[in-house]
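Asker: Construct the complete structure from the given sequences, taking the supplied hints into account.
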Amino acid sequence: MEQYFLILLGTVFVNNIIMSKVLGLCPFFGVSKKLETALSMGLATTFVLTLGSGTSYLINHYLLLPSGLTYLRTLSFIVVIAAIVQFTEMFVEKTSPVLYQVLGIYLPLITTNCAVLGIPLLNVQANHDFVQSLAFGFGGAVGFTMVLVLFSGLRERLEGADIPKPFRGTSIAMITAGLMSLAFMGFSGLVHIH
Amino acid sequence: MLAALLVMAGIALLVGGVLGYSAVRFRVEGDPLADKIDAVLPQTQCGQCGYPGCKPYAQAIADGSAEINQCPPGGEDGIRKLAELLGKEFKPLNAEHGEPKPKSVAIIDEATCIGCTLCIQACPVDAIVGASKQMHTVLAAECTGCELCIVPCPVDCIAMQPLTENVANWKWRYPPLPLKAMA
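Line order of the protein sequences matches chains A and B. Residues in the first sequence are numbered consecutively from 1, following the numbering used here. Residues in the second sequence are numbered consecutively from 195, following the numbering used here.
None of these hints come from the bench; they were simulated from the model. Please read all numbers here as calculations on a predicted model, not as lab measurements. Hints are supplied without guarantee of correctness; some may be wrong.
Heads up, simulated BS3-like pairs for lysine-lysine below, C-alpha to C-alpha not over 25 Å straight-line [what the hints assert, rightly or not]:
hint, chain 1, residue 1, chain 2, residue 2
1, B, K295, A, K34
2, B, K230, A, K94
3, A, K34, A, K21
4, A, K33, B, K365
Answerer: Take a look at the structure:
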């Protein structure tokens, strides 16, 4: 139990996927202008990432490793993740039209999110078992959501701030992201996973 | 090599099967025509067509219970697009429903505003912020220019201001070919 807690803590804070792994920067800048959209994107990503890391583990462990085809890893992971996103979209549209409206365009966008491919690949690198993979995926996604929500909150505040003209818009967002990343460096060494 | 091909083909088949099955299993009945019409309408939600918003008007057009020439904000361009989409004849805008105007946003004269909140209740897109006995203001980015807030204002402090073109709202012009000549 403790190790799963450590994995969660580690992925959310210490090895945060955006802040220290620098993955998934496109949604980080693209959909962080409003708190609402940031939260929706985070939710959608959490769902897909958790499911994706589990399925990728199964594909890798039961299909690619026994047949010695590990070089197909990236290719097969992309196919599987794209399919999961499609499936999720159909499922959500049928079961919860409200959630579908909220997630909207963000659901298909996840297909091209590098964090979603990165986490399954990191899982393979770290030799995680099935439950560890799920925890790692879920933790990574929670970290992603948290950072996205924090960052969009900051950006909403920045809208009303008196920023010197050359720094307005994306420039101040970049600077903010850099400072956030520095702050997250404070977590480094908090958890050490063997 | 063959194994690799087989594995990828297997994954693709499996995934395709699952997606195909779920496409049938989780099919959502919608009205694709009404959605297409709704996409053409300007989404001002102004109600000048006689329907509560753009979506209900789109549904009415799809049912055949409304004409295509009832949308003043869409203007002639909008009617042409609707005519093309539905394969109907172009009709000039029905004057009963109003005149087309340049795209504009509402501006509240903040010195005159008494904070009655009547305009907030009238706004279909929640583009007016303010509270009782506090000055109100319009969020220009959200305002669709529907003019529904002008009538309820007891002190006539709301005016429409045409939108000037700037970097944020500039769009490519449609090709300057006269559509009539092409048809």
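Asker: Would you check the hint for K230(B) and K94(A), treating anything up to 25 Å between C-alpha atoms as holding?
Answerer: Given that 25 Å is the threshold and the Cα spacing comes to 20 Å, the pair holds.
Asker: Can you confirm whether the C-alpha distance between K34(A) and K21(A) stays at or below 25 Å?
Answerer: Cα-Cα ~24 Å, so holds.
Asker: Check the hint pairing K295(B) with K34(A) against an upper bound of 25 Å on the C-alpha distance.
Answerer: violated, 31 Å
Asker: If you draw a straight line from the CA of K33(A) to the CA of K365(B), is it 25 Å or shorter?
Answerer: holds, 22 Å
Hint check: a violation occurs at hint 1 only; the rest are consistent with the structure.
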